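Asks: Using the sequences provided together with the hints, build the complete structure.
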Amino acid sequence: MHDKELSHEESLKLISSMIGQAKDAYHDTGRGAMLWGIVIAICSIVKFTEIHFNYRLPFDIFLLTIVAIIPQIIISAKEQRNRNRSVKTYDEVFLKYIWIGFGIAIFLLIFINNAVFQSWQPVAKEYRELTGNAPVFQFSEFVPAYFLLLYGLPTFITGTACHFKPMLWGGIFCWVCCLITLYSNTETDMLLTALSALVAWFFPGLLMKREYQKSKRKESADV
Amino acid sequence: MFKDLDPILHAQLRLAVMSLLIGVKEAEFTFLKEKSKASAGNLSIQLNKLKEAGYIEINKQFRNNYPLTLCKITRKGVEAFEAYVLALQSYTQNPES
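Taken in sequence, the protein lines are chains P and S. For the first sequence, our numbering gives the first residue as 1, with consecutive numbering after it. For the second sequence, our numbering gives the first residue as 224, with consecutive numbering after it.
Heads up, a few of these hints could be off.
Unchecked claim - Covered, in the sense of this in silico footprint (three residues per stretch, anywhere, with C-beta under 8 Å from a C-beta of chain P), are these stretches of chain S:
1. 234-244
2. 277-285
What the hints assert, rightly or not - Below, a sample of chain P positions facing chain S; criterion: calculated Cβ distance under 7 Å:
3. S11
4. L14
5. I15
6. K23
7. S86
8. V87
9. V93
10. L95
The set of hints was computed from the structure by calculation and includes no laboratory data. Only a predicted model underlies this, so the values are computations on that prediction, with no experimental measurement involved. Ideal Cβ positions, reconstructed from N, Cα and C, are used throughout, including at glycine.
Replies: So, in structure tokens, the structure goes:
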């Protein structure tokens with residue numbers, strides 16, 4: 001390309017071509033989405049088996065989500081290192097903060113739930129002592145709904161911002177499951193959480209990975 | 224009455240660079256070079272012209288001991304680009320006037 005003067009039509013054509021190229025500069029590898037999809041699905045299924053087969057692990061299986069932060073950091077660092085086309089898009093920055101905000105919100109929700117449990121326990125104990133019956137209201141039955149509500153939000157935003165329909169529908173699926181869990185027992189809630197994680201993150205992550213590999217192949221062919 | 228086209232933007236390589244930068248937060252020199260298919264020397268000259276006009280910011284730093292040049296469009300650059308596109312549209316919509 002040289003510093004030549006352009007006709008008006010050539011100028012418009014050039015602008016649209018360059019804007020299109022810059023727009024295609026960012027492709028998510030899908031690894032993060034796949035990781036969290038599979039981690040949440042495993043945690044939920046293990047929790048389901050604990051309830052269904054009436055056994056207890058010596059630790060809360062959802063602690064696995066804290067361990068999963070390590071591979072997530074490795075994935076992010078590797079992606080940063082492997083980026084050979086060095087450009088930062090607005091979508092990329094916006095989505096990064098959406099998902100960081102989501103991570104913070106999830107950990108805040110865990111703290112809130114623990115605080116509610118601690119406040120509720122003495123009330124439930126007193127109720128049991130006075131009436132001899134277990135309280136009808138069980139806060140734990142509503143916990144999966146809160147999580148699914150949160151899972152849906154960044155997923156839906158990512159799907160709409162990136163025009164990536166599998167995530168858009170994945171976000172909606174989380175919210176539908178969120179409503180169902182209000183009327184289902186905890187076992188079903190766990191299965192719905194596992195299914196939501198697969199539909200909202202794991203399968204879209206697989207598709208993203210395929211798109212990413214396709215764009216990499218195209219890039220290599222262009223070079 | 225047609226507006227004059229901004230002479231800074233009405234050149235192939237400078238327009239290509241501005242069109243690339245308008246849609247991204249920032250881009251490295253290598254990205255602009257790859258996309259515009261320009262030579263490094265020519266691209267440097269044109270980037271400096273855009274910088275002198277206040278249309279872009281150039282930030283030079285080091286990454287892993289290698290020099291890194293980051294380019295970012297400024298508010299003035301966005302306004303100039305928008306005005307340029309509007310002027311172009313007025314020409315193409317009324318080509319005979």
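Asks: With reference to the structure, classify each hint as holding or not holding.
Replies: Here is how each hint holds up against the structure:
Against chain P, the region 234-244 of chain S contributes 9 residues with a C-beta closer than 8 Å to a partner C-beta. That satisfies the three-residue criterion, and the hint holds. With 0 residues carrying a beta carbon less than 8 Å from a beta carbon of chain P, the region 277-285 of chain S misses the three-residue requirement, and the given coverage is violated. Taking 7 Å as the C-beta cut-off, the interface hint given for P:S11 holds, the closest approach to chain S being about 6 Å. Among the interface hints, the one on P:L14 holds; its C-beta lies about 6 Å from the nearest C-beta in chain S, closer than the 7 Å criterion.
With 7 Å as the threshold, the beta carbon of P:I15 comes within range of chain S, its nearest partner Cβ sitting at about 5 Å, so the hint holds. Annotation: P:K23 was flagged as interfacial toward chain S, and the flag holds, the nearest CB pair being 6 Å apart, inside 7 Å. Taken as an interface hint, P:S86 checks out: its beta carbon lies about 4 Å from the nearest beta carbon of chain S, inside 7 Å. Taking 7 Å as the C-beta cut-off, the interface hint given for P:V87 holds, the closest approach to chain S being about 4 Å.
The interface hint given for P:V93 is met, as the beta carbon of that residue sits about 6 Å from the closest beta carbon of chain S, less than 7 Å. Here the hint on P:L95 is broken, as its CB sits about 12 Å from the closest CB of chain S, past 7 Å.
The structure is inconsistent with the numbered hints 2, 10, although it conforms to all the rest.
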